[in-house]
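Asker: Fit chains B and C to the given chain A structure using the hints.
Sequence lines, in order, name chains A, B and C. Oh and the first sequence: position 59 is 100 in our numbering, straight run, nothing missing. Oh and the second sequence: position 144 is 815 in our numbering, straight run, nothing missing. Oh and the third sequence: position 225 is 523 in our numbering, straight run, nothing missing.
Please note that a few of the clues may not be correct.
[Stated by the list, open to error] Straight-line Cα separation of at most 20 Å, SDA-like style, residue types lysine to any residue; simulated pairs:
1) B:Lys951 with B:Pro776
2) B:Lys781 with B:Asn706
3) B:Lys944 with B:Gly730
4) B:Lys767 with C:Pro375
5) B:Lys781 with B:Gly730
6) A:Lys131 with C:Tyr307
7) A:Lys136 with C:Ile548
8) C:Lys353 with B:Glu1018
9) C:Lys344 with B:Asn706
10) A:Lys47 with C:Gly316
11) B:Lys920 with A:Gly76
12) B:Lys824 with B:Leu880
[As the list claims (entries may be wrong)] FRET-style restraints, in silico, Cβ to Cβ:
13) A:Val58 with B:Ser796: 53 to 59 Å
14) C:Gly428 with B:Glu700: 25 to 31 Å
15) C:Ala477 with A:Trp99: 51 to 57 Å
16) C:Asp436 with A:Val58: 54 to 60 Å
17) C:Arg482 with A:Phe293: 36 to 42 Å
18) C:Trp338 with B:Trp833: 42 to 48 Å
19) B:Gly704 with A:Leu86: 30 to 36 Å
20) C:Glu335 with A:Ile167: 29 to 35 Å
[To be verified] Every beta carbon over 12 Å from chain A, so not counted as near; a handful from chain B, in silico:
21) Phe678
22) Val703
23) Tyr763
24) Asp771
25) Lys786
26) Phe797
27) Thr827
28) Trp833
29) Lys927
Hints are computed from structural coordinates only; laboratory data are not their basis. Note that CB positions come from ideal geometry on N, CA and C, so glycine has one too.
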Amino acid sequence: MRSNHKWGKVYLAVVFVILYMPIVYLIYYSFNSGGTMHDFEGVTLDWYKEVLHDTRLWIIVLNTITIALLSSAISTILGVMGALAIYYVKSWRMKQILLMLNNVLIVSPDVIIGASFLILFTMIGIQLGFTSVLLSHIAFSVPIVVLMVLPKLQEMSSTLIDAARDLGANQWDVLTKVVLPYITPGIFAGFFMALTYSLDDFAVTFFVTGNGFSTLSVEIYSRARQGISLSINALSALLFLLTIALVIGYYFISQKSAVSGMGGRRR
Amino acid sequence: MKKLTIFFAAVFGAALLLYYVSLALNRTEGYVGKNTLTVYNWGDYIDPALIKKFEKQTGIKVIYQTFDSNEAMMAKIAQGGATFDVAVPSEYAISKMKEDGLLIPLDHSKLPNLKYINPRFLNLSFDPGNRYSVPYFWGTVGIVYNPGMLGGKKITSWNDLWDPDLRNQILLVDGAREVIGMGLNSLHYSLNDTNKEHLKEAKEKLDRLVPNVKAIVGDEIKMLLANEEAAIGVVWSGDAAEIIAENDKLDYVVPKEGSNLWFDNMVIPKTAKNIEGAHKFINFMLDPKNAAQNAEYVGYSTPNKKALDYMPKEITEDKRFYPDFDSIGNLEVYKNLGKRMLAYYNELFLQFKMHRK
Amino acid sequence: MKTSIRNVYLLPYVVWIGIFVVAPILLIVYYSFFDIEGKWTLSNYKMFFTPIYLKMAASSVWYALLVTFFSLLIAYPAAYALTKTKHKQLWLLFLILPTWVNLLLKVYAFLGIFGTYGLANAILAAVGIGPKQILFTDFSFVFVSVYIFIPFMLLPIFNALEELNPSLVDAARDLGASAWTTFRRVVFPLTLDGVKAGCQAVFIPSLSLFMITRLIAGNRVITLGTAIEEHFLVTQNWGMGSTIAVFLIIAMAAVVAVTGNRKRG
Chain A
42 MRSNHKWGKV YLAVVFVILY MPIVYLIYYS FNSGGTMHDF EGVTLDWYKE
92 VLHDTRLWII VLNTITIALL SSAISTILGV MGALAIYYVK SWRMKQILLM
142 LNNVLIVSPD VIIGASFLIL FTMIGIQLGF TSVLLSHIAF SVPIVVLMVL
192 PKLQEMSSTL IDAARDLGAN QWDVLTKVVL PYITPGIFAG FFMALTYSLD
242 DFAVTFFVTG NGFSTLSVEI YSRARQGISL SINALSALLF LLTIALVIGY
292 YFISQKSAVS GMGGRRR
Chain B
672 MKKLTIFFAA VFGAALLLYY VSLALNRTEG YVGKNTLTVY NWGDYIDPAL
722 IKKFEKQTGI KVIYQTFDSN EAMMAKIAQG GATFDVAVPS EYAISKMKED
772 GLLIPLDHSK LPNLKYINPR FLNLSFDPGN RYSVPYFWGT VGIVYNPGML
822 GGKKITSWND LWDPDLRNQI LLVDGAREVI GMGLNSLHYS LNDTNKEHLK
872 EAKEKLDRLV PNVKAIVGDE IKMLLANEEA AIGVVWSGDA AEIIAENDKL
922 DYVVPKEGSN LWFDNMVIPK TAKNIEGAHK FINFMLDPKN AAQNAEYVGY
972 STPNKKALDY MPKEITEDKR FYPDFDSIGN LEVYKNLGKR MLAYYNELFL
1022 QFKMHRK
Chain C
299 MKTSIRNVYL LPYVVWIGIF VVAPILLIVY YSFFDIEGKW TLSNYKMFFT
349 PIYLKMAASS VWYALLVTFF SLLIAYPAAY ALTKTKHKQL WLLFLILPTW
399 VNLLLKVYAF LGIFGTYGLA NAILAAVGIG PKQILFTDFS FVFVSVYIFI
449 PFMLLPIFNA LEELNPSLVD AARDLGASAW TTFRRVVFPL TLDGVKAGCQ
499 AVFIPSLSLF MITRLIAGNR VITLGTAIEE HFLVTQNWGM GSTIAVFLII
549 AMAAVVAVTG NRKRG
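In isolation and in its complexed conformation, chain A is listed as follows (with noise of 0.2 Å):
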């Protein structure tokens, strides 16, 4: 038992050790004074002076993350709704039909995607830019917290509900004191995700967005043309550590206060 333990961390080491790898790349050569990604010449800090310095790179940046952030919360909820509705809905060919429509934005092509709510916002007249994009971002990203909270919902066994309200709980207490503590570790897991897909998406965001507005990814590919000049590097570096120290701060602040104030409700 002892040994498995020991084997299991080797291999997640390696499994980070891999996952990591070309981040380490991007970042290592975000100091290479030759201005290109392979060939390191010598140390330089010029990249990250010029995105310092570069204050419509940072607007793009504080909108990608406000996107992100605010599109990967609605859709959490609209997906924790959606999965509750799956997962109420009686009739086995009824939830089928709701699993495949949920299903059919996470299989289409982005392109596909981006087009299609392209014509629709025209037709329904929202002008492009920040709300267009959102709206997005939150559609595209329902599907996928619905995917991660259903099989939580499903595992958690239906006497837990009843024997709730026959302890004479309403509905509202059911939801709150019962389920939703029940599926929590399934709506984080929904919320990274759709955060995930919000900060990678280029393909719907480009189709959708205007008037100005524009993120990350829409700007770095639309480089490609030119070449990605190594100061995006620097700044995915800056971003990167910045994430890293939000994480673990964030983790040892929610440590502490699942110590001190809600102690019984971690597991």
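Answerer: Just chains B and C now, with coordinates in the frame of chain A:
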């Protein structure tokens, strides 16, 4: 539940704060307001210093938006819903946009600097009389190769690529008209050939090239060639100039059978709101000094005759990128072949790609 | 009372489905009946059943299966090992973090790593295997796809493992079951829902991968997604693109039907 509530409250709070900061930044930078001009261009296809200069001269704030393909840009403009005052499509896209009524005619009286453009690049088939467009950059399609990796072998023609010694050495650019065109040119047919027999013949010839083709790639072809991933690449001249700037062991040649001559052009799309400002911007970019500065930054060939005087001799006298047109007989501009024919080209190209598996 | 509460969940979700799923599907189906010149036709469907598109469909399914299989093979043990660590939530976040770096940038990094003079070949040379062509092969394509999809497989499995009651495992061990038997008879069946969710989240989108088919596989792999991309953005043949999309949606429905749960107790 409490954990969830706190978490979501924090996320919404953070998002609103960031939104506010970006609004404030937009305002201090002047991106919101009436006096703005939205330029829709390829990414990094202009010297940012020129935008600054234009803003200072005219007091107009430029919003620079980017696209990554002509087709995606056209889809955006066709739908409307967003403002674009100046766009920079390639020549075949212009004939299409003209057909679809997506362009606003230019007022030549507001473009006095048009006189600096080399007349050779004016009044071309895709826009007679330059009613809608003004050339921005131009170039050719050709072969970049690495003599060192080929044992000193020289490449001068398309047919050289079929040499069995070049197994797995060629990178092709992912464009139907470029690759099929290469097949057509190698058989001495026109790039705008619509004879299906000729096209089939070209496709069969390309199928025989398969063993030599290492990959069919996009913009990353520049990086791959500069890295010496492969010895030969079929590319646009602008890309070739960049590759050679990065790795001077490589050379560029326009094949002797003939090739394509392409243009990127400034136009005013129908989504424009600041037409006055758009003319000012186009005229500004046509100014010889500005055009020279832009050409040095971007590295593509400028059609501005007067601008050449302001550029270093080693650039303007480089015959690979500023060729004598008399020496290369057969440079053709792509014609708009019509949707059906274009679909046929693409179908052949898809078959060629599938054939490789 | 009960139904009204349920409608509260159902309503926003159904509104979302109506606007962002049903409407686009209708648009796609509508477009699939038009040819490139805007005339009504069935020729797109006829076209799909020519060898070239059928071959493409088959190879898409094949690669999607490979990607799903390897993602599962790598993600399951990783998720399992993860549940055994201290600070597992933190490590989980660290596993997701790389996905937040722009995909195109990471793919460019892979171009460098797998290149002829890249890191991978340097390692191969150092261990005495000698340089190999890695870029533009099936291997690199599957590798990078799996790289992209691992978090999507890992998360649901991790959640399922977390829910697993450890006393069940202990009981099985106490009854003399070997580690492998315990896994096969107890752990795996109980985490099957997570595995299914993960497979759906990987298989379905990998049917329509594009970008990396060009960047990493040099167009040696052409999936349905690549073809749709081309038809929408290059050929401007929205009809044919939509037709392929219709088939993708049908394929997705089939996957859901197969992995869907027959009955829940």
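Asker: So, for every hint listed, does it hold in this structure?
Answerer: For each hint, the structure was consulted:
no., hint, verdict
1, B:Lys951 with B:Pro776, "15 Å, holds"
2, B:Lys781 with B:Asn706, "19 Å, holds"
3, B:Lys944 with B:Gly730, "16 Å, holds"
4, B:Lys767 with C:Pro375, "54 Å, violated"
5, B:Lys781 with B:Gly730, "18 Å, holds"
6, A:Lys131 with C:Tyr307, "14 Å, holds"
7, A:Lys136 with C:Ile548, "17 Å, holds"
8, C:Lys353 with B:Glu1018, "15 Å, holds"
9, C:Lys344 with B:Asn706, "53 Å, violated"
10, A:Lys47 with C:Gly316, "50 Å, violated"
11, B:Lys920 with A:Gly76, "18 Å, holds"
12, B:Lys824 with B:Leu880, "18 Å, holds"
13, A:Val58 with B:Ser796: 53 to 59 Å, "57 Å, holds"
14, C:Gly428 with B:Glu700: 25 to 31 Å, "54 Å, violated"
15, C:Ala477 with A:Trp99: 51 to 57 Å, "53 Å, holds"
16, C:Asp436 with A:Val58: 54 to 60 Å, "23 Å, violated"
17, C:Arg482 with A:Phe293: 36 to 42 Å, "38 Å, holds"
18, C:Trp338 with B:Trp833: 42 to 48 Å, "44 Å, holds"
19, B:Gly704 with A:Leu86: 30 to 36 Å, "35 Å, holds"
20, C:Glu335 with A:Ile167: 29 to 35 Å, "30 Å, holds"
21, Phe678, "8 Å, violated"
22, Val703, "8 Å, violated"
23, Tyr763, "17 Å, holds"
24, Asp771, "15 Å, holds"
25, Lys786, "29 Å, holds"
26, Phe797, "21 Å, holds"
27, Thr827, "28 Å, holds"
28, Trp833, "29 Å, holds"
29, Lys927, "28 Å, holds"
Hint check: violations occur at hints 4, 9, 10, 14, 16, 21 and 22; the rest are consistent with the structure.
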